[in-house]
Amino acid sequence: MSLDLDKLRALFDLLAEKDVAEFEHEEEGIRLRIARGARAPIAAPAALIPSPIHPVATPAAAALAETPPPSGDFVDVTSPFVGSFYRSPSPDAPAFVDVGSVVRAGQTLCIIEAMKLMNEIEAECAGTIAEIFAQNGKSVEYGQKLFRIKKA
Amino acid sequence: MFKKILIANRGEIALRILRACRELGVKTVAVHSEADARALHVRFADEAVCIGPPPASKSYLNVPAIISAAEITAADAIHPGYGFLSENAEFARICGKCGITFIGPTPEAMRAWGDKVTARKNAAKFGLPLLAGSAVLESAEHAIREAKRIGYPVILKASGGGGGRGMRIVRSDAEMPDAFASARREAETGFKNPDVYCEKFVERPRHIEFQAFADKHGGVWTLGERECSLQRRHQKVIEEAPSPAMTAKKRQEMAEVIRKAIRETGYTSLGTLEFLMDEKEELYFLEMNTRVQVEHPVTEMVTGLDLVSLQIRAAAGENIDLPDTRPWSFRGHAIECRINAEDPKTFAPWPGLITEWHPPGGTGLRVDSGVYGGWRVPPDYDSLLAKVIAHAPTRKEAIARMRRALDEFIVAGIRTNIALHKALLDDHEVAQGTMTTRTIERITGRG
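Chains as they are written, first to last, in my numbering: chain A, 1 to 152; chain B, 1001 to 1447.
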């Protein structure tokens, strides 16, 4: 969730209206915490730091239920490494790609961090991002599905 | 104690390590290749991470993938098992640098004892008997002089490597010039190093190894010996404890010498010192394995100890309290048969789908195995399916128990060497306890 001031304002109003003292929300590596004091409605600007990684690799046997590739020319991009999956080059930068992004062969799709090294994962073919399987900031194992690309 | 141990191995030893972790209350991470996604220990582990495709070089030997898996799961220790990275001092060093405890000796101890030359130096320094040998041979004449000093028969060996390459058995001066030349040629091709040395050759040796263990607080123990003479092409097939060839006196003597060598070289964790025994029942140090061994269960049965658990506890810094093992006596006799997925006659490996699997059980019977009915044995790794261990009050009863156990072992879908084991147990040398490393060759009529 990107921090939109209008949305924030609406959120504060809502919290005040409902007399909520504390509010916490985490999404895509960003944690927002609001504690309403007697007067000041906002606290903890440091809450904008992406949350620390708490990676727990899903057991291979309990893989998430996946949609099989639909008919047509689709290719799944899988992780060549064990590491942490990041959708953007840095925490406050926009994601490399989103669902619907048109990509060319060789274009960077994501970063997999392994042993303190950032590895850029590139698209092998041109097409459109149809689905994003992996979650930003979560750990991935070898062979885990990251993206589904509809070939151009 | 560690919070979480990553098991950097597969098959039966991975399950063995997992069991010890479970009993110690430690969480487990199973790293595995794509071929092992449905392995038993992967299914039992608290967490699992796929680290690569089937080939070992891309998975179980893939150091970055394994370290990365430890980082993302926040494992604080890695158990390397046997084989793979277990004797890789560089891997142990990397673990240390990444703040992960390598469950085994220090990288320095691994290097010191893992290198054949320094191991022999250590052995000599501490009074471990060594096979008479020479330095690098300069010429055929030099070789003949050394052979005379040592006494025929001798074996020429390459300095640069092993595996049978650059090896020649020489029984007389007349044979030496040709043998010397061809050994050097083979060594050059095999290792880019033509240097050969020579060593006393024992015709019918027995393989006897001693189990050592040390914690990080100066505690050092020797836990008796195992006999592993029944081998085929340098692969052990049947192991037992104690050795029928050992006497209490000899065991005591070896224990003292080994304990000193372990203590004074600062070696910690499990370690096994391998010896050759000649026809005169003299022991000669061969090499040391700085890891847990495949055949550790036979020592566990006769001592009542959990070696893997001890290894983990020592690595975690625990001050181990074992009874004084100096006046050592074993409880009964234990035999282990390695059941492999291979043709019992041709020894061709036999991967494939196991359609039926019913291992034996009953009194004094233990089976260490990672396979199950429905498991597909992959072609990418060694062929070990299971270790069957029989424990009984006497050696004769242990053999009878093992025979009974093998008779009730049901396996279908693949071939195994169970028939070979039955033939071995029926052999007179095995029954009398006089087997050597040449026994299997004789029984199978082939090398």
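Treat each hint with caution, since some may be false.
Derived lysine-lysine pairs resembling DSS-like cross-links, with alpha carbons at most 25 Å apart [what the hints assert, rightly or not]:
#1 B:Lys1200 - B:Lys1116
#2 B:Lys1249 - B:Lys1125
#3 A:Lys138 - B:Lys1027
#4 A:Lys116 - B:Lys1058
#5 B:Lys1216 - A:Lys145
#6 A:Lys116 - A:Lys145
#7 A:Lys138 - B:Lys1236
#8 B:Lys1216 - B:Lys1003
#9 B:Lys1003 - B:Lys1116
#10 B:Lys1200 - B:Lys1121
#11 B:Lys1236 - B:Lys1396
#12 B:Lys1027 - B:Lys1004
#13 B:Lys1148 - B:Lys1116
#14 B:Lys1004 - A:Lys116
#15 B:Lys1003 - A:Lys138
#16 B:Lys1003 - A:Lys116
#17 B:Lys1125 - B:Lys1200
#18 A:Lys116 - B:Lys1148
#19 A:Lys138 - B:Lys1004
Heads up, incomplete: computed chain B residues facing chain A, CB under 8 Å, no partners named [claimed, not checked]:
#20 Glu1034
#21 Val1049
#22 Cys1050
#23 Gly1052
#24 Pro1064
#25 Ile1067
#26 Ala1069
#27 Thr1355
#28 Glu1356
#29 Gly1413
Because the hints were derived from the structure by calculation, they are not lab data.
Just so we're clear, the structure is a prediction, and the values are computed from it rather than from any experiment.
All C-beta atoms in this analysis are idealised placements derived from N, C-alpha and C, irrespective of residue type, glycine included.
Status of the hints after comparison with the structure:
1. B:Lys1200 - B:Lys1116: Judged against 25 Å, a Cα distance of about 16 Å means the pair holds.
2. B:Lys1249 - B:Lys1125: holds (22 Å)
3. A:Lys138 - B:Lys1027: holds (20 Å)
4. A:Lys116 - B:Lys1058: With Cα atoms ~20 Å apart, A:Lys116 and B:Lys1058 stay inside 25 Å; holds.
5. B:Lys1216 - A:Lys145: Measuring from Cα to Cα gives roughly 44 Å; hence the hint is violated.
6. A:Lys116 - A:Lys145: Holds, because 22 Å separates the two Cα atoms, which is no more than 25 Å.
7. A:Lys138 - B:Lys1236: Violated. A:Lys138 to B:Lys1236 sits at ~44 Å, over the 25 Å cutoff.
8. B:Lys1216 - B:Lys1003: holds (19 Å)
9. B:Lys1003 - B:Lys1116: Outside the cut-off at roughly 36 Å; violated.
10. B:Lys1200 - B:Lys1121: holds (17 Å)
11. B:Lys1236 - B:Lys1396: Holds, because 21 Å separates the two Cα atoms, which is no more than 25 Å.
12. B:Lys1027 - B:Lys1004: Satisfied, since the Cα-Cα distance of roughly 4 Å is no more than 25 Å.
13. B:Lys1148 - B:Lys1116: holds (24 Å)
14. B:Lys1004 - A:Lys116: Holds, because 21 Å separates the two Cα atoms, which is no more than 25 Å.
15. B:Lys1003 - A:Lys138: holds (21 Å)
16. B:Lys1003 - A:Lys116: Given that 25 Å is the threshold and the Cα spacing comes to 23 Å, the pair holds.
17. B:Lys1125 - B:Lys1200: holds (20 Å)
18. A:Lys116 - B:Lys1148: violated (59 Å)
19. A:Lys138 - B:Lys1004: holds (19 Å)
20. Glu1034: Since chain A brings a Cβ to about 6 Å from B:Glu1034, closer than 8 Å, the hint holds.
21. Val1049: holds (4 Å)
22. Cys1050: holds (4 Å)
23. Gly1052: At about 5 Å, which falls below the 8 Å cut-off, the nearest Cβ of chain A leaves the hint on B:Gly1052 intact, so it holds.
24. Pro1064: holds (6 Å)
25. Ile1067: holds (6 Å)
26. Ala1069: holds (5 Å)
27. Thr1355: Violated - the Cβ of B:Thr1355 stays beyond 8 Å from chain A, reaching only about 21 Å at its closest.
28. Glu1356: With Cβ-Cβ at 23 Å, over 8 Å, it is violated.
29. Gly1413: violated (22 Å)
Of the numbered hints stated above, those contradicted by the structure are hints 5, 7, 9, 18, 27, 28 and 29, listed in ascending order.
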